[in-house]
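Student: The lines below spell out each chain.
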Amino acid sequence: MSFANSATFEQLALPLLPSLYSHAFWLCRNHAEAEDLVQETISKALRAFDSFEAGTNFKAWIFRILRNTFLTSRSGIAASRTVFLEDHPDLLDTSDTSPTPEDHLIRLDNQAAVNEALDRLQPPLREVLLLCDVEELKYKDIALVLDVPIGTVMSRISRARRTLHQLLQPQLGESL
Amino acid sequence: MTQTTHLAPEQLNAFIDGELSSGEALEVQQHLADCRSCALRVLSATQLKAATARAAQRFAAPPEALNRLAAQLRPQEPKKTARVYQFRSMAWAALAAGLVLAISLLGWRRIHQTNALSAELLDQHLATLSSGASPEVISTDRHTVKPWFQGKLPFSFNLPDALPADTALKGGDLTYLNGQPAALLLFTIHKHEVSVFLTQRTSGPTVTTLPGIRSGFAIHHAATQDLQLIAVSDVDPADLDVLVSALVQAQSPR
Numbered sequence: 384m385s386f387a388n389s390a391t392f393e394q395l396a397l398p399l400l401p402s403l404y405s406h407a408f409w410l411c412r413n414h415a416e417a418e419d420l421v422q423e424t425i426s427k428a429l430r431a432f433d434s435f436e437a438g439t440n441f442k443a444w445i446f447r448i449l450r451n452t453f454l455t456s457r458s459g460i461a462a463s464r465t466v467f468l469e470d471h472p473d474l475l476d477t478s479d480t481s482p483t484p485e486d487h488l489i490r491l492d493n494q495a496a497v498n499e500a501l502d503r504l505q506p507p508l509r510e511v512l513l514l515c516d517v518e519e520l521k522y523k524d525i526a527l528v529l530d531v532p533i534g535t536v537m538s539r540i541s542r543a544r545r546t547l548h549q550l551l552q553p554q555l556g557e558s559l
Numbered sequence: 010m011t012q013t014t015h016l017a018p019e020q021l022n023a024f025i026d027g028e029l030s031s032g033e034a035l036e037v038q039q040h041l042a043d044c045r046s047c048a049l050r051v052l053s054a055t056q057l058k059a060a061t062a063r064a065a066q067r068f069a070a071p072p073e074a075l076n077r078l079a080a081q082l083r084p085q086e087p088k089k090t091a092r093v094y095q096f097r098s099m100a101w102a103a104l105a106a107g108l109v110l111a112i113s114l115l116g117w118r119r120i121h122q123t124n125a126l127s128a129e130l131l132d133q134h135l136a137t138l139s140s141g142a143s144p145e146v147i148s149t150d151r152h153t154v155k156p157w158f159q160g161k162l163p164f165s166f167n168l169p170d171a172l173p174a175d176t177a178l179k180g181g182d183l184t185y186l187n188g189q190p191a192a193l194l195l196f197t198i199h200k201h202e203v204s205v206f207l208t209q210r211t212s213g214p215t216v217t218t219l220p221g222i223r224s225g226f227a228i229h230h231a232a233t234q235d236l237q238l239i240a241v242s243d244v245d246p247a248d249l250d251v252l253v254s255a256l257v258q259a260q261s262p263r
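Protein chains in written order, with the numbering used here: chain A, 384 to 559; chain B, 10 to 263.
It is worth saying that the hints were derived from the structure and are not from the lab. For each residue, glycine too, the CB sits at the ideal point set by N, CA and C. Honestly, I wouldn't trust all of these hints.
These stretches of chain A come out as covered by chain B in the derived footprint (C-beta under 8 Å, 3 or more residues) [said to hold, decoys possible]:
{"#": "1", "segment": "419-429"}
{"#": "2", "segment": "514-524"}
Below, in silico cross-link-like pairs of lysine to any residue (SDA-like), each with a Cα-Cα straight-line distance of 20 Å or less [what the hints assert, rightly or not]:
{"#": "3", "chain 1": "A", "residue 1": "K427", "chain 2": "B", "residue 2": "P18"}
{"#": "4", "chain 1": "A", "residue 1": "K427", "chain 2": "B", "residue 2": "E145"}
{"#": "5", "chain 1": "A", "residue 1": "K442", "chain 2": "A", "residue 2": "L395"}
{"#": "6", "chain 1": "A", "residue 1": "K523", "chain 2": "B", "residue 2": "S31"}
{"#": "7", "chain 1": "A", "residue 1": "K427", "chain 2": "B", "residue 2": "L82"}
{"#": "8", "chain 1": "A", "residue 1": "K427", "chain 2": "B", "residue 2": "A79"}
{"#": "9", "chain 1": "A", "residue 1": "K442", "chain 2": "B", "residue 2": "E202"}
{"#": "10", "chain 1": "A", "residue 1": "K523", "chain 2": "B", "residue 2": "A42"}
{"#": "11", "chain 1": "B", "residue 1": "K179", "chain 2": "B", "residue 2": "E145"}
{"#": "12", "chain 1": "B", "residue 1": "K161", "chain 2": "B", "residue 2": "A177"}
{"#": "13", "chain 1": "A", "residue 1": "K427", "chain 2": "B", "residue 2": "E28"}
{"#": "14", "chain 1": "A", "residue 1": "K521", "chain 2": "B", "residue 2": "P18"}
{"#": "15", "chain 1": "A", "residue 1": "K427", "chain 2": "A", "residue 2": "N451"}
{"#": "16", "chain 1": "A", "residue 1": "K521", "chain 2": "B", "residue 2": "Q20"}
{"#": "17", "chain 1": "A", "residue 1": "K442", "chain 2": "B", "residue 2": "A69"}
{"#": "18", "chain 1": "A", "residue 1": "K427", "chain 2": "A", "residue 2": "P398"}
{"#": "19", "chain 1": "A", "residue 1": "K521", "chain 2": "B", "residue 2": "S30"}
{"#": "20", "chain 1": "A", "residue 1": "K523", "chain 2": "B", "residue 2": "E28"}
{"#": "21", "chain 1": "B", "residue 1": "K200", "chain 2": "B", "residue 2": "A177"}
{"#": "22", "chain 1": "A", "residue 1": "K521", "chain 2": "B", "residue 2": "H230"}
{"#": "23", "chain 1": "A", "residue 1": "K442", "chain 2": "B", "residue 2": "R83"}
Derived contacts from chain B toward chain A, CB cut-off under 8 Å, selection only [to be verified]:
{"#": "24", "residue": "N22"}
{"#": "25", "residue": "A79"}
{"#": "26", "residue": "L110"}
Isolated chain A, as found in the complex (with noise of 0.2 Å):
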């Protein structure tokens, strides 16, 4: 590589490095796996460097290699075997009843309550959640993280915003 391309390199992933760890801690839920991961993604993205195209989203480029660089470490092949229903459409509730004005009354003005059923989202929901709501990626971009259709990303969303606000409902809450 180029000095130009690793000075460029640099200039793209050192404002990404809070994110990347911040996402690589809620893959590992380990600080020194989170950082170990992020510093194997940075050294596996300097390689590839060249294969990155310029004009497209670095940033979604730089996430998928720290998601493929987790689902191949031990603690991403354990959490892989976790049965995830979401893409089989036909076990899905799609069931959208007609939601009444209490059924928004979730509460969000108690933070710990949301911090904790973010915790208790399954791993792949709270996942595309992450990259919707923190990191901002676009869905097409979050398609090219997850390698899955815009499809899947649109439905995930929909069922990980669903069973968040199910956590949240004050008389689940009560039980949080």
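We have chain A; now place chain B onto it with these hints.
Tutor: Frame of chain A; chain B shown alone:
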């Protein structure tokens, strides 16, 4: 056209995530103006989105971890080159060490070879001293000695017309020195036996590094354009030099 049915969940999500085209977004906005239920859902979903982001951001990277990661980013290229330079200097050091070793080996070999050569010269000279050995050609006449070597050596040489004072030619012999055919001329200077070896000049072990004295015997070396000349004797080195000079002079064309 105002949407009459409630927003589908995915439509709502796409709206709050800014994924709708401006036309689609306008449609949703028009519906929200008319539908309190959907407006509440959108409000709730927007708040949830913000709350999710806050919840997720509680695991901020420790500053020292970020510093380490940033350091990994920054010196990547210089570190690589530094490593290359390090490797290069190591290679140079290894090369230099190899050269030193090769030179010292060459030097050792040279010393070893010249030592071997001087030992060989001395051995041959001592052999001529033993009473039982007599040269192949016994003659004090240079006109006898010189022709005797013809056909036996791949080179020829001249003997001086007149030898230095109290120096006499005793005879000659064919020998091998350092693996090369050599003419061994036997002289006496003041009754001291002198062996003079004549060989073709080669790029072989340089005899200029021969020790001048070995075991009490003087070893003198001289070279002409074609010949290499080594004299061994226990005579006064100055007298030996006179003979060597006379022999060297005899080789130059007259």
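Student: Hint by hint, which ones does the structure fall short of?
Tutor: 3, 4, 9, 10, 12, 13, 22 and 26
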